[in-house]
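Enquirer: Following the hints, position chain B against chain A.
There are 2 protein chains.
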Amino acid sequence: MKTTLPFLATAFALYTMYVSAQSKADVTTFVNPMIGTDGMGHTFPGACAPFGIVQLSPETDTIPHNINGKYQGNVYAYCAGYQYHDPTIVGFSHTHLSGTGHSDLGDVMLMPQTGRLILTPGTASRPDEGYRSRYSHNTEKASVGYYEVTLADNNVRVQLTATPRVGVHKYTFPKGQDSRLILDLLHGIYNYDGKVLWSSIRVENDTLLTGYRITNGWARANYTYFAISFSKPILSYGYRDKKRPKYLGFWRKFQLYQDFPEMAGQNIVAYFNFDNSRSQDLTVKVALSAVSTEGAQKNLATEVGSKSFEEVYAATRASWQRELSIISCQGTDDQKAMLYTSLYHTMINPSVYMDVDRKYRGLDGNIHEATDFDNYTVFSLWDTYRAEHPLLNLLKTDRNTNMVKSMLAHWRQSVHHVLPVWSLMGNEGWCMTGYHAVTVLADAIVKGALIDKDEAFKAMVSTATWTRFPGLKEYMTLGYAPYDRDATAASNTLEYSFDDFTIYAAALKEGRTDISEPFARRALYYRNTFDKTLGFASPRYADGRFKADLDPYQTYNEGFIEGNSWNFSFHAPQDVYGLMSVMGGEEAFLQKLNRLFEMNLPPKYYKDNEDITADCLVGGYVHGNEPSHHIPYLYAWTSTPWLTQQRLRTIMNKMYRNHIRGLGGNDDCGQMSAWYIFTAMGFYPVCPGSDQYVLGVPYLPYMNVALPNGKHLTIKAPNVSDKNCYVQSLKLNGRPYTKLYLTHADLLNGCTLKYVMGSKPNKRRGQAIIDKPYSLTVLK
Amino acid sequence: MKTTLPFLATAFALYTMYVSAQSKADVTTFVNPMIGTDGMGHTFPGACAPFGIVQLSPETDTIPHNINGKYQGNVYAYCAGYQYHDPTIVGFSHTHLSGTGHSDLGDVMLMPQTGRLILTPGTASRPDEGYRSRYSHNTEKASVGYYEVTLADNNVRVQLTATPRVGVHKYTFPKGQDSRLILDLLHGIYNYDGKVLWSSIRVENDTLLTGYRITNGWARANYTYFAISFSKPILSYGYRDKKRPKYLGFWRKFQLYQDFPEMAGQNIVAYFNFDNSRSQDLTVKVALSAVSTEGAQKNLATEVGSKSFEEVYAATRASWQRELSIISCQGTDDQKAMLYTSLYHTMINPSVYMDVDRKYRGLDGNIHEATDFDNYTVFSLWDTYRAEHPLLNLLKTDRNTNMVKSMLAHWRQSVHHVLPVWSLMGNEGWCMTGYHAVTVLADAIVKGALIDKDEAFKAMVSTATWTRFPGLKEYMTLGYAPYDRDATAASNTLEYSFDDFTIYAAALKEGRTDISEPFARRALYYRNTFDKTLGFASPRYADGRFKADLDPYQTYNEGFIEGNSWNFSFHAPQDVYGLMSVMGGEEAFLQKLNRLFEMNLPPKYYKDNEDITADCLVGGYVHGNEPSHHIPYLYAWTSTPWLTQQRLRTIMNKMYRNHIRGLGGNDDCGQMSAWYIFTAMGFYPVCPGSDQYVLGVPYLPYMNVALPNGKHLTIKAPNVSDKNCYVQSLKLNGRPYTKLYLTHADLLNGCTLKYVMGSKPNKRRGQAIIDKPYSLTVLK
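Heads up: the sequence lines are chains A and B, in that order. Residues in the first sequence are numbered from 1 upward in steps of one, following the numbering used here. Residues in the second sequence are numbered from 1 upward in steps of one, following the numbering used here.
Simulated from the structure, these hints should not be mistaken for lab results. Treat each hint with caution, since some may be false.
[Said to hold, decoys possible] Restraint-style ranges between C-beta atoms, simulated for each label pair:
1. B:Thr613 to A:Arg252: 53 to 61 Å
2. B:Asn155 to A:Thr120: 53 to 61 Å
3. B:Asp259 to A:Arg412: 16 to 24 Å
4. B:Glu510 to A:Asp275: 35 to 43 Å
5. B:Asp372 to A:Leu450: 38 to 46 Å
6. A:Asp193 to B:Leu534: 51 to 59 Å
7. A:Thr120 to B:His137: 52 to 60 Å
8. A:Asp193 to B:Asp259: 28 to 36 Å
9. A:Asp551 to B:Arg126: 51 to 59 Å
10. A:Tyr541 to B:Asp259: 23 to 31 Å
11. B:Pro233 to A:Gly544: 33 to 41 Å
12. B:Arg521 to A:Arg252: 25 to 33 Å
Heads up, the beta-carbon is just placed ideally off N, CA and C, and yes, glycines get one too.
Excised from the complex, chain A in its bound form (with noise of 0.2 Å):
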């Protein structure tokens, strides 16, 4: 531990010089990479740079690994490749998702060696016979682009740090042990044997290595290049090739096992000797590219070069430092530690995906060059489309609008000419449900995003029409997907029918009647899968019948995907009174929201369920997956909408904590974390499309946050609190504003919100029609 503080002096040396010229209180100390990694929170605890590719983290477990053709261990649990009580590390590796419920990638993976030469992993409860280690979390510190960790099992210390491009690592083996580093290609989250199609390593001189490797996973054919510097020189190295090519040919006329500078095949462990008699650090430099090992090197060359670890460190910390410092608050330092960390989780996903040539894969797998905006990769559509992009939108603006040109590039590429529904890595994963893409189009449409309105529009018209969608051809003709040809086809109506909304509003403000009018019509379709009998939204046959048995605290197998019919029947935030008057009137309604977040949903409904834990519930109210993130919001069109206020507050603290295991459910790249930050500001995007977001309630006595445009948001609540938790009233630029939402030109023109608060609701405010929220059609 003796080098950390010289490391951390210098490091911070750098970083106050980058940052000086801000004069802004230095926030990046408030994040939390820890929240979330035990758990269900799937996030990872490594170093990355704000938006970058590379997520260099430790892996703590690779199961699973194939064994007699069944698949051992929980997947689920290794989406981000890190669980906190895991008692090894088994590498360091340079991509991961963050947050998701499903996984890949962990691309890249290196680990420090010393003693006796292993090239397998190892298993966590015999750690000794691998490469892997035991660790100490008393070690292990993890904060804006670092991370660090010592390993027990050899006492090397582990310093990484990173650039949108290029991950960097820092190893310091002990004195008088020799020093070795291990480049496992075979390594994989959620691998299988067969996982990597191929793999290649060159070592072009003494410092640097190349390579690539093509793996088939949850993207169907991933490229990732690489390039690899070493601050010293390569004494000596190798690989074993656990299954080698059934034909070598002429390549065995050489040693190619040790020492030979062409490696390849597809089961590729490879290591590397240094000297560690003079110094015992060694610096390593990864850098991907999707492209070629070429891109991999611009990469490498132009976002570090020759820059030491520390003065990596030091700008990427600053480059946090700029995208965080966009929010100043009060709060107490755990409150801090969960917005900052909040506004991290949704700048890690999605990744730029292009190298710093602008060249890119596209979909159809050529290299495409990216003129005119920055191509952008892993969409988590049926999350993200929520609250992320939303927030996106509103706070990044720029960043968004390229997110939709990248997502129009995608469109371009497929063959099938529709937009992504899960992009990852210049793949399509096609994961879960609905073409939410259309929402974040229409939603950047409708918020003024500088984008080919025209492309847009042909973009989202095929898309909602490609019947290759489950039900979708049914949907379009009985207006609904029928239960019989889908097995989620209650959900998937309602998602389909919340997506075309959105491309109706979209067509509506630019004058296209001709796409408005039919998808005005679709964005009702949601009421034809309502059984009005039960009340509930509920899986329907073609011929008409609705499912007889429906059990709608059920989440499978009932026709919805990830989630019961008691969340899903509140998906249609496009028009709130309509579902109402589907579920039985407002009266209904509200008794209906009511009973969510209040009953009791016996255990038998989420044990053994992926989605849903314990963690995550208010009474029947699902925070930890997406579809009922909406659901505490709907209280506004209500005659009691300062329930609203008094279930985010529970939510809040409930589902987001400072803590290991501080979040409710997966984040999936960054949807839980959007929907903190906008609850915190005290407003939410029901309803992406419309240019709404329903006022909720302050979290925070104080929250400044500066717009793209140089405009401020500022949120005043002094005296909130979770007692105080209810909005007495409320001033809007100093003048009494009594509607329950605020529209997107509101926020881009600047305001001051000043909220008085009070231990009790006030159960007058909001309840005039003319301050409710839209719906698409009004109460009858």
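Expert: Just chain B, lined up with the frame of chain A:
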């Protein structure tokens, strides 16, 4: 057959339009692509353009498949995918090696089908179980740029033609039958389970496919992208994937195997149905690229576009006419067939390896742009340094210079900084021995090629000092590759030493004494592997001892590669007088030379031998493999130079016949054929790297060769015949010429060689030392 005549008439009309300006005799009709398609020639009968990367040819078998871990059948016979006596055709694929002894490729195979859908090839003995078909040679037509066959089992007429980067198929289906095309991406030459690392097909629209496959074979990682256009819309399609990905992810939600436009996997065999009711013709244009599907589409648009099959064929035939009509001659039809077919075979490999936009996949895996040269691949250098490259250097100087530049690009991209050994599709295949690219570079320099000589010397020296070449490290200190380090140490020493000579010669010409001096020494190292007690080259141990029990008749396991000591002992063309010396003087040398051609080699030395058959023997002289190719010319240095004339006539008559079995050995990417062209002209580059061609004897009464510089070689031997096979006298440009060699300058100046031939040798010719060809040292 009824459509044959109109087709030929149309194509011929188009063709004459293309060539009309040239008013030269149509020599394309003499080319017989069937020569060498039976037995050892390993040529293919299909269609290609000069130096094109596409060789669109039928395949008669795909042996071996890996059955229970063992390869079945005779891999060697199927290097070009076609054996004349096979009863069935499997399909028509786009890449083939011409005449090699090792194999790969057979990429992107199409096969027409009617009736029942079958997606496996079946076997030659049970063709009805697969998509393969019987065929009759009566329906087969092969000529430059054209191949035709009618498949007996489904009565589909198949016509093939090609541009450099595009194969064009025309299928005529029988009336009243359905029509289907199989696209087998699993098929390959030298195929085995696991060879296809990944493959992909995108149905871009109803007349266009794009896709690729990556294979791990002789080319370690071979990227073949394609774009395929159809003259009719696809009605329906699908694929089978015998080895489905273990992880299919969310693709499972689709009906992937039927009409789904994104197919991918490791075992893809796809089919496409077309309407056969209105027209029975289906034209298919298949463009390849090693860069991307974008590159393939550019190649398709630029080289073929909307041209008809007939237009493409006529243009390709015209381009062959331009290439081949540089030679005019008198002779029998069989002699002309052999001459033009040989010339044709010298212009298939090497092949152009870059897209029309000049992008190509380099040895480093990166995409490069060939800004100042044309990039070529398929360098079978152990073979082609001898005569193929010297021939191209003389007749197609620009192409050879571009090939040299391609080798330099390979060197720049080589992590070893080594010139190509066997360049194959952007890969190094490492097949065979020596570093003969050095010789090609040196020969180009000596003969005045416009290349960067400083870079060339760097490349030659770094290659000749790359100590991973077997035994080379010891060779550089001991003066020979030791047998205890290197199983083919004796031939390696001979080959290294010859290559070293060429470095010396080129350096001497360019005044680089820093290089010429050390390599002059190495040029004599061949002597160190001569066992003077035997008078034979013999493997030698590091301690100086020679192998005790050398069997100089035995090809294998005696320290030589693909040759016995009897043949290899003559492998010092750079220093024939020195060689005589180590063999015990001229008399001993001559005695050995005669014995070589006159011995009765016991069959045990060539039965079960891939590289020697009775077909390719003259006594113990093996013409079917390359190490001996210069030997008949070695008489020039002796007192019986006329014996060269005798031996050559024998070899020419025996080894080169206008017959399916007309080649006595593998054509080896044009080397056997280049030998034929040179020998027919009456001279041969015995020692590339010197500027001399050693005179043999003209084979035909008249030849005229147009050189690229506009000058002509005219070779007249009016009364030459099998009887009159001896040179009585020779006039060069009208003046008596007594030397036994010509220089490159003599040829470049243009010249007329007028021979008087007779039935008895003129034993006085060529006896003066001044008339003898080059030798590094003189006779002692």
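Enquirer: When the hints from earlier in the document are held up against this structure, which numbers fail?
Expert: 1
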